[in-house]
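Protein chains: 2
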Amino acid sequence: MSMIVNRRDVNFLLYEVFDLGELLRAPRYDAYDREAIDAMLDSAERIAEDKYLPCAAELDANEPEFDDGEVRSPAVVHGALDAYAAAGLLAVGFDEEAGGLQLPHSVCIAMGGLFSCANTGLWGYSFLTIGAANLLNSFGDEEQKERFLPPMLEGRWFGTMCLTETQAGSSLADIGTTAEETDKGFYRIAGSKMWITAGDQDISENIVHMVLAKIPGGTAGVKGISLFIVPKYRVDADGSVGERNHVTLAGLNHKMGHRGVTNTLLNFGETGECRGYLVGEPHQGLKYMFQMMNESRLGVGHGAVMSALAGFLFSLDYARNRLQGRHPQDKDPNSRQLPIIEHADVKRMLMAQKAYVEGALALMHYCASLIDQQKVSDDSQETARLGELLDILTPIAKSWPSEYCLEANKLAIQVLGGYGYSREYPVERFYRDNRLNHIHEGTHGIQGLDILGRKVRMHGGHAFELLVASIIETVNEAATTPALAKYASTLSDAVEEIEDSTRQVLAAEDLNLCLANATLYLDAIGHVVIAWMWLKQALAATKGLLDASPSDGAFYSGKLQACRYFFNYELPKISAQLKPVAALDDTCVSAKPELFIGE
Amino acid sequence: MSMIVNRRDVNFLLYEVFDLGELLRAPRYDAYDREAIDAMLDSAERIAEDKYLPCAAELDANEPEFDDGEVRSPAVVHGALDAYAAAGLLAVGFDEEAGGLQLPHSVCIAMGGLFSCANTGLWGYSFLTIGAANLLNSFGDEEQKERFLPPMLEGRWFGTMCLTETQAGSSLADIGTTAEETDKGFYRIAGSKMWITAGDQDISENIVHMVLAKIPGGTAGVKGISLFIVPKYRVDADGSVGERNHVTLAGLNHKMGHRGVTNTLLNFGETGECRGYLVGEPHQGLKYMFQMMNESRLGVGHGAVMSALAGFLFSLDYARNRLQGRHPQDKDPNSRQLPIIEHADVKRMLMAQKAYVEGALALMHYCASLIDQQKVSDDSQETARLGELLDILTPIAKSWPSEYCLEANKLAIQVLGGYGYSREYPVERFYRDNRLNHIHEGTHGIQGLDILGRKVRMHGGHAFELLVASIIETVNEAATTPALAKYASTLSDAVEEIEDSTRQVLAAEDLNLCLANATLYLDAIGHVVIAWMWLKQALAATKGLLDASPSDGAFYSGKLQACRYFFNYELPKISAQLKPVAALDDTCVSAKPELFIGE
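Chains as they are written, first to last, in my numbering: chain A, 58 to 656; chain B, 58 to 656.
Worth double-checking, as some hints may not be accurate.
Which copy is meant is left open, because identical chains are indistinguishable; a pair holds if it fits in one copy or across any two.
What the hints assert, rightly or not - Below are the DSS-like pairs computed for lysine-lysine, each with C-alpha atoms no more than 25 Å apart in a straight line:
hint, residue 1, residue 2
1, K543, K636
2, K630, K543
3, K600, K649
4, K649, K636
5, K202, K432
To be clear, the hints were calculated from the coordinates, so they are not data collected in a lab.
Chain A with its partners taken away, still in its complex shape (with noise of 0.2 Å):
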């Protein structure tokens, strides 16, 4: 079995769930049917397997090194991007006309998905270049996108994000890094950034930082930043790489996951003129990189699933070949060893690992099917409508992958016992590397005060009404159902006590009071929003079943049995998490800082 992919999977959720078939009618997709996509899948598997997943745990072990002032990767960091570019895969998901293939996004998380899941450190150099790339392309004027996406597309030239800076991690009102307007077509950029991945290396001939920095005279807060193009090496008038424009390296970060990819503090201007390029409007910046920021927060919850599934499948293959035990009821010391899939527990952390694996995957195919069906709809109201529920989603489609996830790494460890708490196995570095994954982008308590203070209170609460009807939606489809009636009603209960928390916390005046529970009230809609994953896909599974082979009889019954654990095991859950939420509950925030030790 494949230890990156389970095919079956995806197939199940772009054609069975999400209905890709449908969208590859719409015009914009014409050039792709199934089987094309089939062999791009096929084509990047191979390339994922043969050179991301062997090195995976080497750049683990190996992390790049800082030498005089450059950066230093392991060599074979180099011919397994150079292949990953050769495919064309950095422009899978652009449009024809900015040079790429216009494939459906959800196809092309399927795709990136294989590589983030091989080798998550190498995945991200990909990851931000594709993210800078966009940003660039939407939001760049014809020049910029002239001078710079082809390189970037092809792979030549790597992106980054520069948010982050020491005194304002997540408080991007006070970065202070300065943007000084010249008459010569350049900002003069001054200041540094902090935890700045892939921000430098020695893979690509140029490197082009996205940066967020303040001209000087403007709005204080996050009204006066702006964002601009800063390339580690001037790129002359022909577009070729000249000298080095002061963007220098003031050391490498060395964190506990994440090793394969380099994480960077970078000083902008220390050295001599650091050249910055404007994006569209100054002081619009903040506006621009959310949407970088939005796409990367799906990102970062698409790469917190490809780790768990990583230790899944990894955990799951172990299980059925270690032996090890035997049943509770039979002692006799002279029978055989059982492999431990037949102990009820490892059943148990296998099934959880599915249903939070699977679920939230699912969720990531959901948000893709979003972003694809706005592409192709013409109708204003439509897209609008898709966008809302895009909007509400996002931080959950974050941070529930974040907790549950990691979640999922620290049971793939236990199915192995001592061996997957030894460098030998590979399941200790994927729980190494997911726990990031609250961190990033938005760190888990912005994503609740993001959801409970920002999206379900936008448009008069509007989009918070469109995903509740979205869920009714399924619910009015699985209560026809016999066999899903009875997790249709379950489901319908759960909506109703989010709605009733939602209700409470809306009605107080105290904001601070209103959002000392956000992130509970997170992870309780999350879990909702999973179990209707779940439901979606027990629906599906239900269909498929009618005239299914052994092999997707197996594969069915296992997703309605993943559905069953969901609703029995862990929707239940919610009410716990909502009891402080919908009671104000001020435990917490009451809190004087003296209290906690008493001094």
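Put chain B on the given structure of chain A with help from the hints.
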């Protein structure tokens, strides 16, 4: 503030919650009063602070190396362990007649906790030596004790426990190491042992391995296991260290955490005659070893608490000093940034850590107080009662901290954000260290089987009844304290939920099905027990508050706030956990291996 202990909390637990003062009035402890114990704790704290804490990060980054069959430990290890041994700390818990200081176990864990919190790797060496010495002291004959105990208690020789083999992790019935009797007063040991912590090192003059092996011709399974002393070097008649005893180091295991102590694969008798000395009777080895294992299980739980305490204290200090962001209702970017401890979600993460860490620590002290009371009781019924309580609490004291103190470590990282994920700060190390505690000394799943398969059933359910009665005693006391009456009633309801679920499970016939959700049961009963510990602490805090200094006032108020947190935010979680238990839900146990991914 200290990064390794909150002495105020230790004193609270020792004297205000569990009444060490009363215990010290027993003749067994008449050498000690509070002043003497304070002075001993002071001196231990200094050694932990000066010798253990400073090298913890270094030992994590530079694991012991395996060089030509021998281990090379970093130099700093020797100095730290020498200081620990020189202070007589290995002997504190042993009876005077065995050469010990005969301190109450409650005081011993407070003392050990300082070292475990400061440097969990180094602590491993002492922890195993103490455990092995205890086992010898309980079951060895006079000659064995005379020969092996003094050098162990002086720290010249260290100890280990050798149970696990590669093919028999959790299944001791299947161990293959053999012990062949000779007519020369020893057995010939042959076999391999895996995951042996401190199994080899270059620190102590000798290593005393306590080894489980099978004497050929004995019963199959666990009833054929005997216990042997197997020294690394043979010991001459005069007690001096002689030639190698053919215990060879086959390799070091490399773990995610706990890197400051070696973890080894050992071969016995591969290179020559490996002599082992039978402890006690043949075929009684597992029974003897269970003493050490139960002690170790409590020790593992305590270690989990200490790793989490380290994270709690560090993240609390960080949160008080790190400036970042503003309250949701105050968006003025010109206002000063707040210490992040002012943010509601940071408070929540600190409060959760406090509730987990101090709740679990109270349980460790409760268990220690049961051990201490056993030693001073001359009423055999009372001793039996204390023993039964300890028996039923052991799997909880092992597993609950492994789960929730790991969660505390996860939150400590989150408080620090990106910094928390980087190896420049210690919180990611604590998280890596703590992940081990689910696994060793009986996995989480094994503890679930232990509580639901054995402990709640033993003596016709008597231990379970005793536990319930003990909780209800506290409930009744709290019910008459107005501020705590609501918690009393909530806890009483929770106990009923546990009793109901227990009844449902015990009434069913299919043992595999009964135990299918044992891990969830373990989790839920753990929550009830920790809620009980919080109610005990709240009672003591309420008393303390009556006449408290301002700083004591903050300490006691913090206890009440954390109790409130546990009852409002945590205890409600048991309903969701118990639902599948009570329903004998077979979703997981009935899942066939091919359902997980459909192949």
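Against the structure, the hints come out as follows:
1. K543 x K636: both (24 Å within a copy, 16 Å between copies)
2. K630 x K543: both (17 Å within a copy, 23 Å between copies)
3. K600 x K649: between (56 Å within a copy, 21 Å between copies)
4. K649 x K636: This pair counts as within: shortest intra-copy Cα distance 22 Å, inter-copy 36 Å.
5. K202 x K432: Answer is within; shortest intra-copy Cα gap is 21 Å, inter-copy 80 Å.
When the structure is compared with the earlier hints, no violation turns up for any of them.
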